[in-house]
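Keeping their order, the protein sequence lines are chains A and B.
Under the numbering used here, read the first sequence as residues 1 to 116, first letter to last.
Under the numbering used here, read the second sequence as residues 1 to 115, first letter to last.
It is worth saying that the hints were derived from the structure and are not from the lab.
Some hints here could point you the wrong way.
Here are the simulated SDA-like cross-link-like pairs (lysine to any residue), alpha carbons at most 25 Å apart as the crow flies [stated by the list, open to error]:
| hint | chain 1 | residue 1 | chain 2 | residue 2 |
| --- | --- | --- | --- | --- |
| 1 | B | 49 | A | 69 |
| 2 | B | 102 | A | 24 |
| 3 | B | 102 | A | 17 |
| 4 | B | 102 | A | 12 |
| 5 | A | 57 | B | 2 |
| 6 | B | 68 | A | 69 |
| 7 | B | 102 | A | 13 |
| 8 | B | 102 | A | 69 |
| 9 | A | 57 | B | 3 |
One-letter residues, chain by chain:
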Amino acid sequence: GAGVSQSPSNKVTEKGKDVELRCDPISGHTALYWYRQSLGQGLEFLIYFQGNSAPDKSGLPSDRFSAERTGGSVSTLTIQRTQQEDSAVYLCASSPPGTAGTGELFFGEGSRLTVL
Amino acid sequence: AQSVTQPDIHITVSEGASLELRCNYSYGATPYLFWYVQSPGQGLQLLLKYFSGDTLVQGIKGFEAEFKRSQSSFNLRKPSVHWSDAAEYFCAVGLVSGGYNKLIFGAGTRLAVHP
Numbered sequence: 001g002a003g004v005s006q007s008p009s010n011k012v013t014e015k016g017k018d019v020e021l022r023c024d025p026i027s028g029h030t031a032l033y034w035y036r037q038s039l040g041q042g043l044e045f046l047i048y049f050q051g052n053s054a055p056d057k058s059g060l061p062s063d064r065f066s067a068e069r070t071g072g073s074v075s076t077l078t079i080q081r082t083q084q085e086d087s088a089v090y091l092c093a094s095s096p097p098g099t100a101g102t103g104e105l106f107f108g109e110g111s112r113l114t115v116l
Numbered sequence: 001a002q003s004v005t006q007p008d009i010h011i012t013v014s015e016g017a018s019l020e021l022r023c024n025y026s027y028g029a030t031p032y033l034f035w036y037v038q039s040p041g042q043g044l045q046l047l048l049k050y051f052s053g054d055t056l057v058q059g060i061k062g063f064e065a066e067f068k069r070s071q072s073s074f075n076l077r078k079p080s081v082h083w084s085d086a087a088e089y090f091c092a093v094g095l096v097s098g099g100y101n102k103l104i105f106g107a108g109t110r111l112a113v114h115p
């Protein structure tokens, strides 16, 4: 498809398990963002990738969270030893080159994570 | 610290009525301001944005927003709401950091539209 693709759309896991969430950005988009949307909390910035530059990890809430972006395209967000407070919708967004400062991010539909 | 406040968590209006969603921000410099909409089952979509110049900006779907520096506000308006406008609306401020735009979002306002 032409949009940002995220998988799985829904994930239910048990506390303590590891989970991986995948994001496939729009082709040609060099910037990739992960946000977390918790009920009543708005969207919380997690991490940003831009080309081959070092990612901005300043929003990751703990060392249980990590993300990588392979080949400048697909990204995987990994949450280790999941906790119930990790339950949220994880949103991925991308933006094309030259749009730094324009604010137009293209969002996927998100991956809803439920930790039991 | 930079922040965005959307005072109304939930708003209900009748179809055809006017709408105003409030947004206040805290930012030390001239902000980049945005409104995004999240419809059920869909990703967030940019409605409109303010960078500089005319403080009244027009967006898609008949929405507009007005930047008021004195009030640190960027309220979203629509003169006549349609049932399809029912969605969650997010205000955001953009921080230019390291050459990219990190968006700080408010908690959102959920809009319900009565027929």
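Outcome of the hint check:
no., hint, verdict
1, 49/B <-> 69/A, "violated (29 Å)"
2, 102/B <-> 24/A, "holds (20 Å)"
3, 102/B <-> 17/A, "violated (30 Å)"
4, 102/B <-> 12/A, "violated (29 Å)"
5, 57/A <-> 2/B, "holds (18 Å)"
6, 68/B <-> 69/A, "violated (39 Å)"
7, 102/B <-> 13/A, "violated (30 Å)"
8, 102/B <-> 69/A, "holds (18 Å)"
9, 57/A <-> 3/B, "holds (19 Å)"
In this structure, the earlier hints numbered 1, 3, 4, 6, 7 are contradicted, and the remaining ones agree with it.
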